[in-house]
Structures are given as C-alpha cells and as structure tokens.
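The hints should help you fit chain B onto chain A, whose structure is shown.
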Amino acid sequence: MAQRNENSGELSGPIVEEQEFSLTELCSICAVQETQVVELVEHGVIETHSVTQWRFNGDALRRARISLRLQRDLGVNPAGSALVLDLLGRIEALERRLRGST
Amino acid sequence: MEFKDYYAIMGVARDATPAQIKQAYRKLARKYHPDVSKEKDAEARFKEVGEANEVLRDPEKRAAYDQLGKGPPPGESFQPPPDWGSGFEFRGAGRAGPGEEGNSAFDGDTSSFFESLFGAGSGRGGFGGAAGRGGFGQARPRQGGEDHHARVIVDLESSLEGGTRALTLSVPSVGQRTLNVKIPRGIQAGQHIRLAGQGETLPGETKAGDLFLEVSFAPHRLYRPEGRDLYLDLPVAPWEVALGASVPVPTPGGVVQLKIPAGSKAGAQLRLRGRGLPAKEPGDLYAVLQIVLPPADSDNVRAAYSAFAAAVPFNPRTSLGV
Numbered sequence: 209m210a211q212r213n214e215n216s217g218e219l220s221g222p223i224v225e226e227q228e229f230s231l232t233e234l235c236s237i238c239a240v241q242e243t244q245v246v247e248l249v250e251h252g253v254i255e256t257h258s259v260t261q262w263r264f265n266g267d268a269l270r271r272a273r274i275s276l277r278l279q280r281d282l283g284v285n286p287a288g289s290a291l292v293l294d295l296l297g298r299i300e301a302l303e304r305r306l307r308g309s310t
Numbered sequence: 038m039e040f041k042d043y044y045a046i047m048g049v050a051r052d053a054t055p056a057q058i059k060q061a062y063r064k065l066a067r068k069y070h071p072d073v074s075k076e077k078d079a080e081a082r083f084k085e086v087g088e089a090n091e092v093l094r095d096p097e098k099r100a101a102y103d104q105l106g107k108g109p110p111p112g113e114s115f116q117p118p119p120d121w122g123s124g125f126e127f128r129g130a131g132r133a134g135p136g137e138e139g140n141s142a143f144d145g146d147t148s149s150f151f152e153s154l155f156g157a158g159s160g161r162g163g164f165g166g167a168a169g170r171g172g173f174g175q176a177r178p179r180q181g182g183e184d185h186h187a188r189v190i191v192d193l194e195s196s197l198e199g200g201t202r203a204l205t206l207s208v209p210s211v212g213q214r215t216l217n218v219k220i221p222r223g224i225q226a227g228q229h230i231r232l233a234g235q236g237e238t239l240p241g242e243t244k245a246g247d248l249f250l251e252v253s254f255a256p257h258r259l260y261r262p263e264g265r266d267l268y269l270d271l272p273v274a275p276w277e278v279a280l281g282a283s284v285p286v287p288t289p290g291g292v293v294q295l296k297i298p299a300g301s302k303a304g305a306q307l308r309l310r311g312r313g314l315p316a317k318e319p320g321d322l323y324a325v326l327q328i329v330l331p332p333a334d335s336d337n338v339r340a341a342y343s344a345f346a347a348a349v350p351f352n353p354r355t356s357l358g359v
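Going down the list, the sequences are from chains A and B. Residue numbering for the first sequence follows the working numbering, beginning at 209 and increasing consecutively. Residue numbering for the second sequence follows the working numbering, beginning at 38 and increasing consecutively.
Just chain A, same shape as in the assembly (with noise of 0.2 Å):
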C-alpha cells in the first residue's frame, strides 16, 4: 500500500519486481482478463512458482507486460511472444559475454 505521510506527502511503495502475485493481482497490474494469464502460463510465457496454488515472481510480471504489449503491438500470438521474449534472453546475454570479451 502507498503511505501518504501527512507532513511533506510523501509516497512510498514497494518494488513490484520483488514480489510475489497470485493471479488475481497479476492480472489486475496487467489490466487484462484471467484467461489472457492462464494462456500465458499454457504457452510458457510465464511460469508459476507453485502449481497447486499460483503464484508468480517479478520475473513473470516483466515476462508479462512484454507478451502483451508484443501481442497487442504487432499481432504475435502467445507462443510467438515466448519465442521472442527466449531469443531476446539469449541476446541479452550474448551481449554481456560480447561485452565480457572485449
């Protein structure tokens, strides 16, 4: 929850990244609808941490936000936007070790 400290309306608020979600709230952050998420995790976009009761990471938030603005943007489909969210991982690394060498 955000604070609003009475003398100088200060906000604070935790770091998403750091937290872990039930489904509700990860789709409530993602403004999207419960089937949209259960499609994410039976493509394997995301993962969850526990499978009797869903919970999901940062990671999965961020993994998340990235397929559905990339289905929403270009038109990708859910196994299209864990293929792209993969390679960009590998990229991603790619470039520290290209970084690493130099």
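Calculated directly from the structure, the hints in this document are not laboratory data. Ideal Cβ positions, reconstructed from N, Cα and C, are used throughout, including at glycine. Treat each hint with caution, since some may be false.
[Claimed, not checked] Interface residues of chain A toward chain B, partial, derived using beta-carbon atoms under 7 Å:
| hint | residue |
| --- | --- |
| 1 | Gly217 |
| 2 | Ser220 |
| 3 | Gly221 |
| 4 | Pro222 |
| 5 | Ile223 |
| 6 | Val224 |
| 7 | Glu225 |
| 8 | Leu231 |
| 9 | Glu255 |
| 10 | Val259 |
| 11 | Ile274 |
| 12 | Arg277 |
| 13 | Asp281 |
Coordinates of chain B only, in the frame set by chain A:
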C-alpha cells in the same frame, strides 16, 4: 504547430492501398517496438508510426487528413482550417482489445497535431507513456479507477542511497502533477514502484487505481548500471597493467584500493564484489580497464618513449600480417 506528414512517416505513397499501409505499419512497428528495438529513439518513432497508422488505417480519418493536402510550406506553422472535420464522422474512441490483429499501439500520448485534428484521447489505451492510460488495451472490468503507468527518470544516487524525489508526470487531459516519491533503495532500471491509490479516481467510486512508476536512470558521471551491477571505466597507465599495481577506485561507498594483476589487458573487467546496487544480495562493481598513454608533450617523455622503443622489439600489427 508542426504539420505531420503521416505518409512520409509510414514511407508509403499518398495513393497507397490499405494493404500497403498495413504492411508498412507492421514492418515499422516491428522495427521500432520498444521491447525489441535497439534503434535510437525507438519509442518516439514507435509512437509516431502508431499515430500515423491510427489516421491512415481509418478511412474516415484518412479522407479528412487528405483534405489538408501536404501541409503548409516549410517553416510555417500549421492550423486546422476553419471548416475542418465538416462532413466527416469519426468513430468513437473505442479501445482495442489485446491481440486484436493490426492494431496500432497507441496511448493517450498523441502529438498536438493529432489532437488538434481528432481530439485528445481518441487514441487507444496502451503502451505506457508518461502517465498515459495504463495497461494493455482493454481495461478489465473492475470496480474503481483504472491503474496508471508512467515512466520516470531518476538519478542513480536515489537507488544507491534511497531518498525522496519530486517527480513530475504529465497526465492527459489533467495536465501535470508532481509527486514526492520515496525511491526504494536498490531499485534497478526497468523495475516498477507501485503507489496504491494514486491511479485513476472515478467520480462516485471509492477505490482508486494504482500508479506504477517504471524507473530508469539518468546517465551517471561514473557508473553504468546493468541490473544490480555497476560498470566503471577505469583509466590505467600502461605500466600499471604490464607490471601490476594497486590503484584507487571510486565506488558508491567510497574510494577503495584495487589490485591490478600484472599482464592485464585493456577492457579487462575487475570485479569489486558487493559494490553495486544495494540489496539482500548486492550487485557488483566492475572496473573496466582503459589503458591511457601519457601524451608525448615534453622532451623527457619523448626520450622515455624512444628508449622504450629501442629496448622492446615489438610489432603490434603481426595479426595483420604486415
């Protein structure tokens, strides 16, 4: 106001068919999509392309836009003609559903040119511009106001030390608002701060939406952050890397002595464990060695270089075969 040539932005002829426009849009959207693009100004270009597509894909908007011709002569400011829009009926704001094929990615953050013609807020919900309408297209039906998203740029020190910063957000149709936000210590670029209840407030609704601030860092004089790690270019003298040395290095926690192993190469990264962004497992600081040659600007130095050259049989170009 600046006239926008949407045909030039999309790279299509003025008589392009809808299919050609769709094709051009898809190609440019892929090229400039902020999540995948490495192009400079990707985000600005992506928005511009989205705006152009929003007009050209819609037969009514396109016909109205075409009536403007090619705009005023260069250097002259554009004003919509007095009879602008008469005889055309624009479709309402209708927000697009996620995944709807061929949609432009479009948020409330439109150019003033677009707004003068089609009105503010006639774009779709979308990709988080500064405090643009949040989310991904369609808002899910929920009680209370909608969540808002904004990007903010803060100084690296705010993550290193924590502290409160005044952040100014521009909110479509509201103007600007400034918030004093406590930046959580150790936050990394791309991470979000969630401010509950600072999103949209609807009249008559008790529950306001949340505001999500995506953090990025202003360039720092010394450090380049990557995730929780920091990179620092460390200038060293040739003899320091050849012979090894202990040199002072600035770190966020203060100056430390770093041992440079003999025979180190330019570009080598020496790790200072735990000297990156603070966290339960703090990041590391990498000192990237940059060999700097002393300028040969005095007789002494020139003599030293000559003696070095005479003493060392060395061809730096053997790999070139010359």
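The hints, checked one at a time:
The restraint placing Gly217/A at the interface with chain B holds, with a minimum CB-CB distance near 5 Å, inside the 7 Å limit. For Ser220/A, the interface hint holds, the least distance from its beta-carbon to any beta-carbon of chain B being 4 Å, beneath 7 Å. With a least beta-carbon distance of about 5 Å to chain B, the hint placing Gly221/A at the interface is held under the 7 Å criterion. A distance limit of 7 Å between C-beta atoms decides the matter here; for Pro222/A the minimum to chain B is near 6 Å, and the interface restraint holds.
The interface hint given for Ile223/A holds, since its Cβ lies 5 Å from the closest Cβ of chain B, which is under the 7 Å cut-off. Checking Val224/A against chain B: minimum C-beta separation of about 4 Å stays under 7 Å; hint holds. With a cut of 7 Å, the hint placing Glu225/A at the interface with chain B holds, because the nearest CB-to-CB distance is about 5 Å. Look at Leu231/A: its Cβ only gets to about 12 Å from chain B, farther than 7 Å, so that hint breaks.
Given hint, Glu255/A at the interface with chain B, is violated; its Cβ is 19 Å from that chain's nearest Cβ, farther than 7 Å. Below 7 Å, beta-carbon pairs count as interface contacts, and Val259/A has none with chain B, the closest being about 25 Å; its hint is therefore violated. The beta carbon of Ile274/A is positioned within 7 Å of a beta carbon in chain B (closest approach about 5 Å), and the interface hint is therefore held. Against a cut-off of 7 Å between C-beta atoms, the interface hint on Arg277/A holds, since the closest Cβ of chain B lies about 6 Å away.
The interface hint given for Asp281/A holds, since its Cβ lies 4 Å from the closest Cβ of chain B, which is under the 7 Å cut-off.
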